[in-house]
Amino acid sequence: KTQVEQSPQSLVVRQGENCVLQCNYSVTPDNHLRWFKQDTGKGLVSLTVLVDQKDKTSNGRYSATLDKDAKHSTLHITATLLDDTATYICVVGDRGSALGRLHFGAGTQLIVIP
Amino acid sequence: DMKVTQMPRYLIKRMGENVLLECGQDMSHETMYWYRQDPGLGLQLIYISYDVDSNSEGDIPKGYRVSRKKREHFSLILDSAKTNQTSVYFCASSPLRDYNNQAPLFGEGTRLSVL
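Protein chains in written order, with our numbering: chain D, 9 to 122; chain R, 113 to 227.
The hints are simulated quantities; they were obtained by calculation from the structure and are not laboratory data. Virtual Cβ for every residue (Gly too), placed ideally from N, Cα, C. Do not rely on the hints blindly, as some may be mistaken.
Claimed, not checked - When the alpha-carbon atoms are kept at most 35 Å apart in a straight line, the in silico DSBU-like pairs for lysine-lysine are as follows:
id	chain 1	residue 1	chain 2	residue 2
1	R	LYS181	R	LYS194
2	R	LYS174	D	LYS79
3	R	LYS174	D	LYS9
Stated by the list, open to error - Computed footprint of chain D on chain R; a stretch qualifies when at least three of its residues, placed anywhere within it, have a C-beta under 8 Å from a C-beta of chain D:
id	stretch
4	148-159
5	205-217
As the list claims (entries may be wrong) - Which residues of chain D face chain R? A partial, calculated answer using Cβ under 10 Å:
id	residue
6	GLN11
7	SER15
8	THR36
9	ARG42
10	GLY49
11	LYS50
12	VAL53
13	LEU90
14	THR93
15	GLY104
16	SER105
17	LEU107
18	LEU110
19	GLY115
Isolated chain D (complex conformation) (with noise of 0.2 Å):
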């Protein structure tokens, strides 16, 4: 049963426009959440951390909150550029050490058009 759901699967907008992210999930306990970056043909790339129980974090362009009394978090990307073009990956961890599980959305696939 997939536990980490995000939406939409894909997504197109022009450069210069804000687009959102969603991500909806049911892992219990859900120690902390996190949004990779993954270009095409590449691994994934961390963009932010959230982890207490209403979180809102800024990085750059990016920015994300979380709610973890409605297991939803957001991932916001202002004034897009080209090099957005990538799938933002949702991941949930159950601990907050290596000896916990991951687990991973699908992904939505971005794409900035000129």
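Once you have looked at the hints, place chain R on chain D.
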């Protein structure tokens, strides 16, 4: 420079052949992972290694085995590869503790086709 290196990057094998995927890291991380990524699915854990000769099955270990004889090196072996093992395989490493502040580092993947 912190890096996870996977070799080879691309591999084509015939059904029934043996396959060896190699992974190395230079951070002296205790924990290393092998995942596979298939279209429309999240990464699935094949094996996890907590240190030398301390390996545990993940969610989909059938048809795979691993070897970790040095902390820096973790191998994935497919004995008699099957066509349904065609996939992209990712290796990752992380320190055992402080997971919240230290993300796993991923390699760039090995694209395996079994014909």
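For each hint, the structure was consulted:
1. R:LYS181 x R:LYS194: Cα-Cα ~26 Å, so holds.
2. R:LYS174 x D:LYS79: holds, 32 Å
3. R:LYS174 x D:LYS9: holds, 19 Å
4. 148-159: It holds, with 6 qualifying residues against the three required.
5. 205-217: holds (count 10)
6. GLN11: Result: holds, 9 Å to nearest chain R Cβ.
7. SER15: Since chain R brings no Cβ nearer than about 14 Å to SER15 of chain D, farther than 10 Å, the hint is violated.
8. THR36: violated, 17 Å
9. ARG42: holds, 6 Å
10. GLY49: GLY49 of chain D check passes; min Cβ-Cβ to chain R is 7 Å, inside 10 Å.
11. LYS50: OK, holds: LYS50 of chain D within 10 Å of chain R, min 5 Å.
12. VAL53: holds, 7 Å
13. LEU90: violated, 21 Å
14. THR93: violated, 17 Å
15. GLY104: At about 5 Å, which falls below the 10 Å cut-off, the nearest Cβ of chain R leaves the hint on GLY104 of chain D intact, so it holds.
16. SER105: holds, 5 Å
17. LEU107: holds, 7 Å
18. LEU110: holds, 7 Å
19. GLY115: holds, 7 Å
Figure legend: structure checked against the earlier numbered hints; hints not met, in rising order: 7, 8, 13 and 14.
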